[in-house]
Structures are given as structure tokens and as C-alpha cells.
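As a plain string of letters, each chain reads:
There are 2 protein chains.
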Amino acid sequence: MKNQPDTILLGHGSGGKLSHDLITELFARHFDNDILRQQSDSAIIENPGSQMAFTTDSFVVDPIFFPGGDIGKLAIAGTVNDLAVSGAIPKYLSVGFIIEEGFAYKDLERIVITMAKEIKKAGVKIVTGDTKVVDRGKCDKVFINSSGIGILDKKNVHISSGSHIKAGDKIIINGSIGDHGMAVMAARNDLNISADILSDCACLHDLIQSALEASDQIRFMRDATRGGLGTVIAELAKGKDFGIHLHEDQLIISEGVRGMCELLGFDPIYVANEGKVVMLVAAEDAQSVLAALKKHKSGTNSTIIGEITNDHPGKAWIETQVGGKRIIEMLSGQQLPRIC
Amino acid sequence: MKNQPDTILLGHGSGGKLSHDLITELFARHFDNDILRQQSDSAIIENPGSQMAFTTDSFVVDPIFFPGGDIGKLAIAGTVNDLAVSGAIPKYLSVGFIIEEGFAYKDLERIVITMAKEIKKAGVKIVTGDTKVVDRGKCDKVFINSSGIGILDKKNVHISSGSHIKAGDKIIINGSIGDHGMAVMAARNDLNISADILSDCACLHDLIQSALEASDQIRFMRDATRGGLGTVIAELAKGKDFGIHLHEDQLIISEGVRGMCELLGFDPIYVANEGKVVMLVAAEDAQSVLAALKKHKSGTNSTIIGEITNDHPGKAWIETQVGGKRIIEMLSGQQLPRIC
Chain A
281 MKNQPDTILL GHGSGGKLSH DLITELFARH FDNDILRQQS DSAIIENPGS QMAFTTDSFV
341 VDPIFFPGGD IGKLAIAGTV NDLAVSGAIP KYLSVGFIIE EGFAYKDLER IVITMAKEIK
401 KAGVKIVTGD TKVVDRGKCD KVFINSSGIG ILDKKNVHIS SGSHIKAGDK IIINGSIGDH
461 GMAVMAARND LNISADILSD CACLHDLIQS ALEASDQIRF MRDATRGGLG TVIAELAKGK
521 DFGIHLHEDQ LIISEGVRGM CELLGFDPIY VANEGKVVML VAAEDAQSVL AALKKHKSGT
581 NSTIIGEITN DHPGKAWIET QVGGKRIIEM LSGQQLPRIC
Chain B
281 MKNQPDTILL GHGSGGKLSH DLITELFARH FDNDILRQQS DSAIIENPGS QMAFTTDSFV
341 VDPIFFPGGD IGKLAIAGTV NDLAVSGAIP KYLSVGFIIE EGFAYKDLER IVITMAKEIK
401 KAGVKIVTGD TKVVDRGKCD KVFINSSGIG ILDKKNVHIS SGSHIKAGDK IIINGSIGDH
461 GMAVMAARND LNISADILSD CACLHDLIQS ALEASDQIRF MRDATRGGLG TVIAELAKGK
521 DFGIHLHEDQ LIISEGVRGM CELLGFDPIY VANEGKVVML VAAEDAQSVL AALKKHKSGT
581 NSTIIGEITN DHPGKAWIET QVGGKRIIEM LSGQQLPRIC
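Heads up: the protein sequence lines correspond to chains A and B, in order. The letter at position 139 of the first sequence is residue 419 when you use the numbering used here, and the numbering goes up by one with no holes. The letter at position 317 of the second sequence is residue 597 when you use the numbering used here, and the numbering goes up by one with no holes.
If you are wondering where the hints come from, they were derived from the structure by calculation, not from laboratory data. All clues given are correct.
Treat identical chains as interchangeable: a pair holds within one or across any two.
Below, simulated DSBU-like cross-link-like pairs (lysine-lysine); rule was C-alpha separation at most 35 Å, straight line: (1) Lys405 <-> Lys434; (2) Lys401 <-> Lys434; (3) Lys518 <-> Lys605; (4) Lys605 <-> Lys595.
Here chain A stands alone, though its shape is the one from the complex (with noise of 0.2 Å):
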């Protein structure tokens, strides 16, 4: 960083020397690859494959470092998630940061480090990139936004879309929930709220490849990022000819994550994930996908946790520890603002 000033100017974002240089001794030095290398106005791909998906994710989470994670690996962990669970082989990734004036150097290249660091794992490229600096009180010290490009095998293109669910498919989730949210939550300023719990964030890529490895009858896969599991659920039911019934004692919640969301009055099905994907698969196969799941570092505590029915077309609900039933609707107003 030997032309680097000790905080962002709004130079940077100028597109003249300071941009090429912050460019050149951070970005391009991290992230480098074949491609970012040309830094054109667009980055040139080889075609991947007959189809693809494409997705977009703007994080502005508060605070920027939290435990088990920090803005930078949230943004290459929510991408690559949001492609894997179209069923995808996550391939290559854009960035664009929107800075805040005086930010320090050093934690946007802390930051980036951790980018580097995730996407290595995922086997991703960042490819293209965008800087622009605002003034002072105008952002809040930095957002990124992540696009993504992943190849999608044809057999797997109707796992996005859920079209084949079926009444009896097995509803698989690869651990604890509200163990994001409830991280943020404590690493928030204004809570003087000591827990130990760690964001789960995490790139669920190889998780996901090795499920699809295990079962051609998964049937629908989503990440329980903002809105948590509930809202997944909750969102899936809405509409269609098939019941969602979960159980609630098959539900994995840390001590930690049950006394903050007690604390604060939250419900733990709608706390934020950021390494958790929601899974359909068909009966006969969820015993083998469980198996498979469990054989990695992110899915030890994969769990079944309900299944599609006949009954209730339409509507989710969760059988509750003392025999109960309760719908699970989509939140009305705001859980947690800025938690991803």
C-alpha cells in the first residue's frame, strides 16, 4: 500500500490516479486472476456452460466486523450461496464497494483480505469491480454489492424454481438456526450484550455439490439468509397446492441464539442465517442426502426437520414442542434491519 493515504478520500472514487492506484495495490493485488488482470470496462468470459444463473446481493450489514465474519466474507458467502442453491456451479463474481469518505485504509484492506480468503475456497473469480466514494454521512463506512455467474447443469434447472416438489419430499437443514443475526445483534455498539455465538456464515458451495452428488431427487434448495427460516418457508408455501409441516423439536437452537432472541424478543425461525440452506428432497433419498450433508464441517448437525403434505395447500405451519400448530406467515414489518 505504498501510495495508500490512511483513510479513503473521496478521490478514490474519482476514477483518475488515486481510483487506479487503490485499484492496482488492493484490489486487483488480492483478487488477481487472468481476467481481472485486462481491467476493461467489462470482463471477458468464456461461455459456462448451456445454461446459467445470475444473481445479485447488496450488503450493508451493521457492524462490518462481527464475529464469525466481517461485510466482505458475507458478500462472496451470500453469492455463492444464492448460486449453489439455484442448483448452480458458482463460477464468477462482480464487486462493487460504495465508501464512505474518510474510512480507514486498513479496514477496507482487512476486508478484502477476507474476500480473497472465500473466494479461493469457493473456487470463484472476481472478475469485474466498481469503487465509488461518497462523503462523509452519506454512507456508513462501506457497502458491497456481489453479482454472480454460476453454470447450471441442465438436470438441475427446476431445483430454483421448486416445480417439482412433491407431497412427502423431506425438508432438510444443515444446522442451528438464528446464529447470524443473533452475532450481528450482539456485536451491535448499542447492545452491552456479551454472548458467544458466531455468525454461521460460511460458502455452502461444496455442501450443496456434495448433496447434489448424493440424490438426483432434490427437489428445492434455498439460503435462510434475511427472514430466516421462517420466511423461506413462509415464501415456498405461499400459493402452491402442497402443505409445509415442520417440527419444532427437530429445530437446532444454540443456548446462546434461544436467551438473545428471548431477551429481545425475537423469534428464532425468522432470525437471519448466512450459512444454512433449506433442502427438499424426495423421500427416499433425504436418509443418503443427510448422510452426505453430515460429512462436512458445515453440515455435522444436519437435521430433517418436516415434510411437504396434502394438507393445507398453501400454508406452512410448525408443530410446536407441547403439541401445538402455528402458521408460519411472512413477517409484516422489520425483524432485524441491516443484519446482511
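Chain A is fixed; fit chain B onto it per the hints.
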């Protein structure tokens, strides 16, 4: 907008019911197409050719509405143009909104409608999107990221890198410079300047396409956005074995732009454009490309403004109207913050 409150709430970014309604009633309604309608985590798209161009840009312009356009038009045109100058045919876009809590719904709607008009003109589809809302004072009204994918014919792959540039190539620009930057500056609340300057913000895909049809010897293209014509030229010359020679008397600068630049101390060659492409064309094809450009609404004032030389390799310079020479360097600080 039957279910929408007058202003954007934090809950619009929660992933819950408010988010869902905003997507359905605003974004999906105006951007509607077969792919977006799936509303899955990733858009599933057909492979658009053997090679692709992929690009991203974030837009943070201040003010968001200005004479000749708004942030939405900018977001579509910017990404369409980045693809087009790579020699690609723009096909699919993503859009990511970051919205400040309290932003007027009608302003968001106005921006979305502009975007919908622009994508229709450009023949592209918005296939995937994301919305985040941040608390009041943590961003400035609205920021938009747009990423895009275009089909790239193998014969145009060299255009973005400029690897075929040769001494003698002519440099063409499709009209006056500095209009966008000065239109935005004039629109800023804190400047009490009334100038009749319109931003040149426009999608250039069809203008560029007709140039590509007129000649198979287009050697390089770039849109002269942030940092203006000067930055494009300075970046292009850097480290190359050729020099770039511009003629000041060939540059078109409107009276309004010239006046504002003098008043504010800006050099118009570094002022942002949003509808100008710099083209390098083999000398023998320069006239036919010029003729093709002039037939377009966005190209009526196209001019040859310089040429590639064997002199002064790695340098760009401009011959001034009084016969002097001035080196064009990359700007070291900021020129105009938040101009796009």
C-alpha cells in the same frame, strides 16, 4: 401501489411481507419478464453465446434527479454502455437498490419507471434484483448497483483490451464533452447556477452496433464517464508502445459547459459524460464509421478528434488551439465527487 406506505421503511428491506409487496407491486410490475417472474435466488438464463461480457457499476449520483436524467437512467445506461463498448450485445441486467429509510415511495417509483423505459429501449431484461434499506442518515436517498451480461462475438473480443490498436488509427467521439458532469453540478442545491445544460445520459448500444456493422476494424471503445475523455485517453496510453494525439480544435464543448467549467475551475476534458463513446478505428474505415455514427440521434455531432502515433509512446497529449502541446495525465485527486 395499493399496499405501499408513502415512504420507504426499514421493513421494506427485511425480506418479509413489506419487501415482498414492494417487489411485487413496484419492481416486478415495471421490470416484468419471463425470467424475473420466477423470483428465485438466481435468475436462470440461457447461455447467450460462446463468449460473454460481464460488468458491474454502482451509482451514487447527487442529486438523484438532474436535467436530462436520473439515477435510474444512469444505472441502466451505464451498464448497457459498459457492455456495448466491449463489443458485446447487452442482454441481462441485475439491479440492487440500497434505500434510505424515509425515502419517498413516489420518488422510488419515478426512478423505477425511468429504468423500465430505458431497458425497453436497450432491449435488455432485468432478471434479478435485491433491495436493502438502511436507517435514516446512513445512506443518501438511494444508491443503485447494476451488473450486466452481454453476448460477445469472437470477432469483437479484442475491442475491450485494445490489443489491435495501431499507429495511424483515428480517434472518434460521438459529440460534445462535459455535459453530464456540468448538468449534475448545476443541479446541486448548494450551487446557485442556472445553466441550460442537459446530461447526455443515454444507452449507446445501437449507435455502437451500427459502428460495428460499418467496420470490422474498430480497435477499441470506451465510454468516457467518470474522469471524462482525459482519463480514458491517459489510461489507454499508459505503458503502451504508442502515443495518443488529440486536437483541441476538434473537441466540441457547449457554451454552457465551457462557462461553468471556467467558473468552477474544471477542465472539460476531465468532466464526466454518460452518453459518449471514444472509438479507435483503422484510418481507412474512419470516414465510414463517422458516417454511420452521424445517422444516430446520439451521434449527429461525431468527430475525429485525434490519432494514434508512433511518437511519445506511453504518452497522451493534446495540441491546443494556439499550437502548444499539453500532456494529458490521470488526475491525481478528485474532480467531481458523486457524478455518477
